[in-house]
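Going line by line, the protein sequences match chains A and B.
With my numbering applied, the first sequence covers 1 to 173.
With my numbering applied, the second sequence covers 1001 to 1529.
I should point out that these hints are in silico values taken from the structure, not numbers from a laboratory.
Please note: incorrect hints may appear among the correct ones.
What the hints assert, rightly or not - Computed list of lysine to aspartate or glutamate pairs in DMTMM-like fashion (alpha-carbon distance at most 25 Å, straight line):
(1) 1139(B) with 14(A)
(2) 105(A) with 1464(B)
(3) 57(A) with 1219(B)
(4) 1327(B) with 56(A)
(5) 104(A) with 1335(B)
(6) 1327(B) with 17(A)
(7) 1139(B) with 56(A)
(8) 1339(B) with 17(A)
(9) 1257(B) with 49(A)
(10) 1262(B) with 14(A)
(11) 1262(B) with 17(A)
(12) 1127(B) with 117(A)
(13) 1331(B) with 117(A)
(14) 102(A) with 1464(B)
(15) 52(A) with 1219(B)
(16) 15(A) with 1219(B)
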Amino acid sequence: MSINVERVWWKPVDKGEKIWIIIALMWAIFLFVMMPWWHYYGKQNPSSETYKVSPEKFQELTNRMIEQYKVGEDAGIPVVAPPPGSDVFLLARQFQWTPVLKFKKGETYRLHLSSMDVQHGFSLQPTNMNFMVLPGYDYVLTMTPTETGTFEVVCNEFCGIGHHAMVGKIIVE
Amino acid sequence: MSASNEAFRTCDVTGFRVHRPAEWLIRVNAVAAVVCVLIGGIYGLLVALTRWPAVHLLDAAWYYRALSGHGLNMLIFWIIFFEVAGLYFGSAVVLNSRIAAPKVGWLAFILMVAGALLVNVSILRGKADVLMTSYPPLKAEPMYYLGVILFAVGALLAVILFFATLVVAKREKTYQGSVPLFTFGLTAAAIIAIFTLAHGAAIYVPTFLWSIGLLPGIDPAIYRTVWWGLGHPSQQINVAAMISIWYLIGTLTVGSKPVNEKVCRGAFLLYILFINLASAHHLLVDPGVSSTWKVWNTSYAMYLAVVASMIHAYTVPAAIELAQRRKGYNKSLFEWLRKAPWGNPAVAGMALSVFVFGFLGGLTGPILGTEQVNIIAHNTYRITGHFHGTVVGGTTLAFMALSYYIVPLIFRRQIAFPKLANLQVWLFGLGVAGLSATMMLAGSYGVPRRHWDIAFSGAPFGVEVNPAAYMWLALMGISAIIAAIGGALYCLIAVVTVFFGKRMDSPKDLTYPVSAPAPDAGTGIAPSL
Ligand code: HEM
Ligand SMILES: [Cu+2]
Ligand SMILES: [Cu+2]
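Let the hints inform the model, and build the full structure from the sequences given.
In structure tokens form, the structure reads like this:
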């Protein structure tokens, strides 16, 4: 088999291939349009509200909220019931979420996420919603709980050897 | 200056003029690849047996170390060593050319081996518990980043050597017309590799400087953006290489030729142009990136690359069907498929690779890359399931399948245990299909990836994980064992063949025959049914 390849670029495209390419292209264009459509007309987009924040500042904001609205303790972690509509802070650090949050069903909260040290993952279970938590960034999720119950916040970004024990809690009443 | 004649041998099977220095480079890179897949496979099995809750084999620290070792040895070292061997084969051997600068090839090889060693030692010492993504501010020892950089520089030199060899072949007129499709596809892969490696340098060099204290810090959001500029497009290198191999295996085993090469080549061009921005889908639930950026990159860039994949999904099987039909397998709709040479592990391996890549890996990719769906999938086991469909069931299996031709042709040995070779591709292919599917199913219950214990021992609060997830994780463990046996057989066959296989003296010693080109019916599509 010595190499002697004919020039390929001028050969007309076969009919079967043409049909397939058109189908593929139309499907792609359809989804290409659906992406912005889902974003602008749908109601379940990941948030894009972000601010820069230093760990010290975020710690301070969290502490202030805890002082104001603390209602108890659970497993040594403060439980906080912030008023509806308020700014709520959930602080991640190796290997703990602070504080435990108490929300009211049907009310809207602005949940701020940030980290004191490395990257963490906010994974709300069993609802299964997942967001990244980065140090230096304040990620704001505007959320309205629609179900009562106890929800766990699992860390799902590797953050060190104790990563698997990093579980927080959100209670909706 | 042309190389002296002893530097070449003529292959009695293919008629290629094989440049001996190129042949040696292919050999050493292939051997290094097999060593890495063996190490990575052992790690993979250990990791899988830890994630099977009833077994839970390793302790937490060693689970994360094994996971780092698995990701790096498999996704980076095995894949890239094999690709470098493939690049030398696709340039020097396929084009009958000398390799432009063998010394550069050896330098590249030494750098890559040194890099892989540093990384592995660093992980085993417990000084790089950062997983393969090494997201800052998690920090590894400097040696770890240095290892990655050395490996990448070596890989870059190898890619440059590939381009230089293309130039030499063109200038010395060792072939006529366009380069073959296989080489064209590899060229697409190599072009993507260049800008991928540029992203790699842009992120690993500052991170290395940070680890030795010369930089105060690395912004975690910028790191993620640039790192995925490396991490995602590099997967398109693997896809382009894999598809090139599919076409090559078709040619070798049934003598196929694409219906129209222009279409296949055009699809490769789409990869080069549109895959780079698709890295956005790793950042869909990150702070710091705007919605406009996400929407634009997931719709515009991703879908034109998807068109390319859809085109290959047609042209690859069409080429084989056409060749088979021209050989006379025209009865019924699927005689061409039934009468394919299934006893040849390259054929079975390729078919499984196409199937697992297409239906498990490929199909799920654009779904997970949708902004809204990503909220329920990010960092769950669904992601791990997706890419075990693409880069394991697809790319790795295609590489294994091609090995059954490359090893005899390049090492001049007969494949040891040919019967086992057939079993090998089926065990690996079906094992990985199971692995991929069960991971995705477990992930759909929110089971996180990269997580030592879904019983959450030591956590302040319990988490009730759906019992179905436990079942899928157990089935994942079983699939992993099957896949691991398939992988181990591959290593066994490769090592025994290379070091102890019977020497090949003439074309009839070839374990699996190279098919004559299927009869050419001129232009146009297959004969009527
Ligand atoms: C016998 C074959 C294999 C088995 C049983 C296997 C199994 C696994 C398992 C169980 C995980 C862990 C996921 C987790 O806990 O988060 C994993 C991760 C991974 N595997 Fe494999 N795998 C195999 C082959 C491969 C191959 C061939 C590649 C690449 C070419 C690969 C690439 C990866 C990567 C990149 C990760 C993610 C690592 C990370 O999250 O940092 N695997 N694999
Ligand atoms: Cu964490
Ligand atoms: Cu974590």
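Hint by hint, here is what the structure shows:
1. About 55 Å separates the Cα atoms of residue 1139(B) and residue 14(A), which puts this hinted pair outside 25 Å; it is violated.
2. Of the pairs offered as hints, the one joining residue 105(A) and residue 1464(B) holds, with about 21 Å between alpha carbons and a cut-off of 25 Å not exceeded.
3. Proximity of residue 57(A) to residue 1219(B) is assessed by CA-CA distance (about 17 Å); at most 25 Å being required, the pair is judged to hold.
4. As the CA atoms of residue 1327(B) and residue 56(A) are separated by approximately 74 Å, the hinted pair breaks the 25 Å bound.
5. Distance check on the hinted pair: residue 104(A) and residue 1335(B) sit about 64 Å apart at the alpha-carbon level, beyond 25 Å; violated.
6. For the given pair, residue 1327(B) sits about 21 Å from residue 17(A) by alpha-carbon distance, which is consistent with the 25 Å threshold.
7. Between residue 1139(B) and residue 56(A) the alpha-carbon distance is near 21 Å, which keeps this suggested pair within the 25 Å criterion.
8. Proposed proximity of residue 1339(B) and residue 17(A) is supported: the alpha carbons are some 24 Å apart, at most 25 Å.
9. Taking the CA atoms of residue 1257(B) and residue 49(A), the gap is near 52 Å; set against the 25 Å cutoff, the hint is violated.
10. Straight-line distance between C-alpha atoms of residue 1262(B) and residue 14(A) comes to about 10 Å, which keeps the hinted pair within the 25 Å bound.
11. Taking the CA atoms of residue 1262(B) and residue 17(A), the gap is near 11 Å; set against the 25 Å cutoff, the hint holds.
12. With a C-alpha separation of about 18 Å, the suggested pair residue 1127(B) and residue 117(A) falls inside the 25 Å cut-off, and the hint holds.
13. As the CA atoms of residue 1331(B) and residue 117(A) are separated by approximately 66 Å, the hinted pair breaks the 25 Å bound.
14. For a cut-off of 25 Å, the pair hint linking residue 102(A) to residue 1464(B) stands: about 19 Å separates their Cα positions.
15. Annotation: proposed proximity of residue 52(A) to residue 1219(B) holds, straight-line Cα distance about 11 Å (limit 25 Å).
16. Restraint check for residue 15(A) and residue 1219(B): not satisfied, since their Cα atoms lie roughly 52 Å apart, outside the 25 Å limit.
The structure does not agree with the numbered hints 1, 4, 5, 9, 13, 16 stated previously, though it agrees with the rest.
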